[in-house]
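Trainee: Sequence:
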Amino acid sequence: MPRRTEEEQFAYLRRIMPMTAALMTLATFIIIRLAGHSVEKSLLIAGIMLGFVLLNWLMRVLLGPKGYIVAIAALALIGWRLQRSGLL
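For the sequence shown, numbering that gives the first Met the number 0 gives the first residue as 0, with consecutive numbering after it.
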(Lines of atoms letter the chains of each structure in order from A and count residues from 1; the text may use other names and numbers.)
(Lines give C-alpha, C1' and ligand atoms only; values in the text may rest on other atoms or scores of the structure.)
Protein backbone atom coordinates (compact mmCIF):
# COMPACT_ATOMS: atom_id res chain seq x y z
CA MET A 1 0.00 0.00 0.00
CA PRO A 2 1.51 3.35 -0.99
CA ARG A 3 2.15 5.97 1.68
CA ARG A 4 -0.21 8.91 1.78
CA THR A 5 1.00 12.46 1.69
CA GLU A 6 0.16 14.74 4.62
CA GLU A 7 -2.54 16.50 2.57
CA GLU A 8 -4.15 13.18 1.64
CA GLN A 9 -4.09 12.09 5.27
CA PHE A 10 -5.77 15.32 6.40
CA ALA A 11 -8.44 14.94 3.70
CA TYR A 12 -9.05 11.37 4.87
CA LEU A 13 -9.33 12.49 8.51
CA ARG A 14 -11.68 15.33 7.55
CA ARG A 15 -13.89 12.82 5.74
CA ILE A 16 -14.09 10.11 8.43
CA MET A 17 -13.84 12.01 11.74
CA PRO A 18 -17.47 13.16 12.09
CA MET A 19 -18.68 9.60 11.59
CA THR A 20 -15.98 8.15 13.83
CA ALA A 21 -16.72 10.61 16.63
CA ALA A 22 -20.45 9.94 16.42
CA LEU A 23 -19.99 6.16 16.44
CA MET A 24 -17.61 6.25 19.39
CA THR A 25 -20.00 8.49 21.33
CA LEU A 26 -22.96 6.23 20.58
CA ALA A 27 -21.01 3.08 21.46
CA THR A 28 -19.86 4.62 24.75
CA PHE A 29 -23.43 5.58 25.64
CA ILE A 30 -24.72 2.08 24.87
CA ILE A 31 -21.94 0.33 26.80
CA ILE A 32 -22.39 2.50 29.90
CA ARG A 33 -26.17 2.12 29.70
CA LEU A 34 -25.88 -1.68 29.40
CA ALA A 35 -23.65 -1.64 32.48
CA GLY A 36 -26.69 -0.49 34.45
CA HIS A 37 -25.97 3.22 34.93
CA SER A 38 -28.52 6.01 34.57
CA VAL A 39 -29.18 7.86 31.33
CA GLU A 40 -27.67 11.05 32.77
CA LYS A 41 -24.41 9.34 33.69
CA SER A 42 -24.30 7.60 30.30
CA LEU A 43 -24.78 10.92 28.50
CA LEU A 44 -22.08 12.56 30.60
CA ILE A 45 -19.54 9.85 29.84
CA ALA A 46 -20.50 9.78 26.14
CA GLY A 47 -20.04 13.56 26.02
CA ILE A 48 -16.60 13.21 27.59
CA MET A 49 -15.73 10.60 24.95
CA LEU A 50 -16.88 12.96 22.19
CA GLY A 51 -14.73 15.75 23.61
CA PHE A 52 -11.73 13.43 23.88
CA VAL A 53 -12.05 12.26 20.27
CA LEU A 54 -12.46 15.79 18.95
CA LEU A 55 -9.54 17.06 21.05
CA ASN A 56 -7.28 14.35 19.63
CA TRP A 57 -8.39 15.16 16.09
CA LEU A 58 -7.84 18.88 16.63
CA MET A 59 -4.36 18.32 18.08
CA ARG A 60 -3.48 16.12 15.10
CA VAL A 61 -4.65 18.73 12.59
CA LEU A 62 -3.08 21.73 14.35
CA LEU A 63 0.22 20.22 15.45
CA GLY A 64 0.94 17.74 12.65
CA PRO A 65 2.07 14.16 13.20
CA LYS A 66 5.26 14.86 15.16
CA GLY A 67 3.74 17.60 17.29
CA TYR A 68 0.78 15.34 18.04
CA ILE A 69 3.08 12.62 19.36
CA VAL A 70 4.91 15.14 21.56
CA ALA A 71 1.60 16.54 22.87
CA ILE A 72 0.25 13.07 23.75
CA ALA A 73 3.52 12.19 25.51
CA ALA A 74 3.47 15.49 27.44
CA LEU A 75 -0.16 14.97 28.51
CA ALA A 76 0.64 11.42 29.61
CA LEU A 77 3.59 12.67 31.66
CA ILE A 78 1.51 15.41 33.27
CA GLY A 79 -1.24 12.91 34.10
CA TRP A 80 1.25 10.47 35.56
CA ARG A 81 2.81 13.17 37.76
CA LEU A 82 -0.59 14.37 38.96
CA GLN A 83 -1.58 10.81 39.83
CA ARG A 84 1.74 10.12 41.54
CA SER A 85 1.46 13.26 43.65
CA GLY A 86 -2.09 12.36 44.69
CA LEU A 87 -3.85 15.25 42.96
CA LEU A 88 -5.65 13.02 40.45
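If you're looking for bench data, these hints aren't it; they were derived computationally from the structure. On a predicted model such as this, the values are computed, not experimentally measured, just so you know. All C-beta atoms in this analysis are idealised placements derived from N, C-alpha and C, irrespective of residue type, glycine included. Treat each hint with caution, since some may be false.
Said to hold, decoys possible - What follows is a list of derived Cβ distance ranges for each label pair:
#, residue 1, residue 2, range
1, Ala10, His36, 35 to 43 Å
2, Glu6, His36, 20 to 28 Å
3, Ile71, Ala26, 34 to 42 Å
4, Ser37, Lys65, 28 to 36 Å
5, Ala70, Leu22, 30 to 38 Å
6, Pro1, Lys65, 29 to 37 Å
Said to hold, decoys possible - Mimicking EDC-like on lysine to aspartate or glutamate, the simulated pairs with C-alpha atoms at most 20 Å apart in a straight line are:
#, residue 1, residue 2
7, Lys65, Glu5
8, Lys65, Glu7
9, Lys65, Glu6
Trainee: Are the hints correct? Go through all of them and say.
Mentor: Hints and how they fare:
1. Ala10 / His36: 35 to 43 Å: With Cβ atoms ~38 Å apart, the hint holds.
2. Glu6 / His36: 20 to 28 Å: Roughly 42 Å apart at Cβ, these two residues miss the hinted range, so it is violated.
3. Ile71 / Ala26: 34 to 42 Å: Cβ of isoleucine 71 to Cβ of alanine 26: about 22 Å, so the range 34 to 42 Å is violated.
4. Ser37 / Lys65: 28 to 36 Å: Given about 42 Å between the Cβ atoms, the range is violated.
5. Ala70 / Leu22: 30 to 38 Å: violated (24 Å)
6. Pro1 / Lys65: 29 to 37 Å: At roughly 21 Å between Cβ atoms, lysine 65 and proline 1 fall outside 29 to 37 Å, so the hint is violated.
7. Lys65 / Glu5: holds (12 Å)
8. Lys65 / Glu7: Within the cut-off at roughly 17 Å; holds.
9. Lys65 / Glu6: Measuring from Cα to Cα gives roughly 15 Å; hence the hint holds.
Checked against the numbered hints listed earlier, the structure breaks hints 2, 3, 4, 5, 6; every other hint is satisfied.
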